Amino acid sequence: MNEDARVVKEIIAGSVHQYRVLVEKYQDPVFRVVLKIAGSHEDAREITQDVFVKTFESLKQYNSDYKFFSWIYRIAINSALMYVKHQKRFSSIEKFPIVELQTGEECVNHEARERMLNLSINALPEKYRAVVLLKYFAGNSYTEIAEIIGIAEKKVKSRLFDARKLLKEKLEKTAFFSSEE
Amino acid sequence: MKNDFKILIQHKIDGTLSDLEEAQFTQLIERSAKARNLYRKLLLLDYSLKANADEIGPIDLSEEVMRSIQPNMSLDTAVQLNRLNGILLRRNLLKVAAVLLFGFLVGGATIYFAMNNENVFNRQAISGTLSIIPEAGNTVYSEKDTQIKVYSITAAQLFLTVISIDTEEMIECRIADDLKVLNNENIVQLSDGDGIEITHSENQKIVCTCNGPVVFQIRTLKGNKLALDFLRDKKEIANTMIN
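Protein chains in written order, with our numbering: chain A, 1 to 181; chain B, 1 to 243.
Possibly wrong hints are sitting among the right ones.
Claimed, not checked - Calculated from the model, a selection of chain B residues having no Cβ within reach of chain A, i.e. all distances over 10 Å:
hint, residue
1, K34
2, I69
3, N186
Said to hold, decoys possible - So the derived label-pair ranges between C-beta atoms look like this:
hint, chain 1, residue 1, chain 2, residue 2, range
4, A, S141, B, S18, 15 to 21 Å
5, B, D178, A, E3, 33 to 39 Å
6, A, S64, B, F104, 43 to 49 Å
7, B, K222, A, K155, 46 to 52 Å
8, B, S201, A, T143, 51 to 57 Å
9, B, A51, A, Q61, 34 to 40 Å
10, A, A123, B, R40, 21 to 27 Å
11, A, Q61, B, A23, 48 to 54 Å
12, B, K235, A, N78, 54 to 60 Å
I should point out that these hints are in silico values taken from the structure, not numbers from a laboratory. Just so you know, these numbers come straight off a predicted model, no measurement behind them. The beta carbon of each residue, even a glycine, is placed where N, CA and C say it ideally should be.
Extracted from the complex, chain A is given alone in its bound form:
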């Protein structure tokens, strides 16, 4: 039994305060992944807190054959996507403007570059976005990503390459690489 599964077992047995161990261990990767999808720190904070509460409430459903992070990651992704979908449906255009990627003519500062990158990541098909989020923002190794997604490690590497290439192609249509041209 892995360490996380042991902690979950203790929580179910009555040591609820032990949940802090899991929160502190995973709050940063979960927050970063959610932030990439939600876009704002305030929203990411709220969603991350909800994710940990939801996870706590479903602890009995956790299957210890799998990594705890893979489980919470799925809950986090679903919560963040649901949140974004909800915001888009109910918010005004003014609050969430449709931002076109900047063209190569414009000046690119760090903030603009980050924004272009985020938009491009979120425009990736889910299977590619997942490997990028898990590798860069959740800080997982190839082995861990393979376990979380349920594919071979070699396939993870290949998929990450394709994801980067897709990102590159999307960003080539913007000013992202402009200082490099």
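Fit chain B to the given chain A structure using the hints.
Just chain B now, with coordinates in the frame of chain A:
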């Protein structure tokens, strides 16, 4: 694109090239301008992604989560309490606020009813019995100068029970909930005055000791069952089950 090339670039970006692969990579880059360009852009992208990945979650996040989940209780109880306290309903705050407002209105009406309208029920006619008044949908105990009324109302997820005890004596109301999720915070005194003292009995029931007339509200979730026992001088004078 050939898989070998993909793996070479991937390993180069990850910094995990073997000596042999390094030589192959150098050859490839020297030979092909297209490969050079691709590598340069992927490398820049990798730097940007890494630079973009240093966010740290809010430092008080774990505190907030732990506060939310009632860490001093068992998992089942904590989950029930979470739901009870509406932690997961933050996005529906307006709905909850509306329900609470409704609860306060009912509470206020109950105070008015309890304090000012003594003639609605005929005390003498139902003296010493636990009676159900179908028209009002409440349960009433009445004997001499002690009158107990219990009202329940369901709204959305919430189940509100208002208890009015009109007496000059000391009455104990012992509350047992089937899910054992109630705590002192779920019991709110609605009337003025000294009111109720809340303690816990050995068998985990909540004991509200009333000295004189009092109206209080028990807030729980729809579906929870409450067993109420009313005692005077340690003897049970009435009981009722609410669900």
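Quick rundown of the hints versus the structure:
1. K34: Non-interface label on B:K34 holds, nearest chain A Cβ at 13 Å vs cutoff 10 Å.
2. I69: 5 Å, violated
3. N186: 19 Å, holds
4. A:S141 x B:S18: 15 to 21 Å: At roughly 18 Å between Cβ atoms, B:S18 and A:S141 fall inside 15 to 21 Å, so the hint holds.
5. B:D178 x A:E3: 33 to 39 Å: 36 Å, holds
6. A:S64 x B:F104: 43 to 49 Å: Once the Cβ atoms are compared, 46 Å apart, the range 43 to 49 Å for B:F104 and A:S64 holds.
7. B:K222 x A:K155: 46 to 52 Å: At 48 Å between Cβs, range holds.
8. B:S201 x A:T143: 51 to 57 Å: 55 Å, holds
9. B:A51 x A:Q61: 34 to 40 Å: 37 Å, holds
10. A:A123 x B:R40: 21 to 27 Å: Hint holds: Cβ distance 23 Å, inside 21 to 27 Å.
11. A:Q61 x B:A23: 48 to 54 Å: Cβ of A:Q61 to Cβ of B:A23: about 51 Å, so the range 48 to 54 Å holds.
12. B:K235 x A:N78: 54 to 60 Å: 56 Å, holds
Violated hint: 2 only; the structure is consistent with all others.
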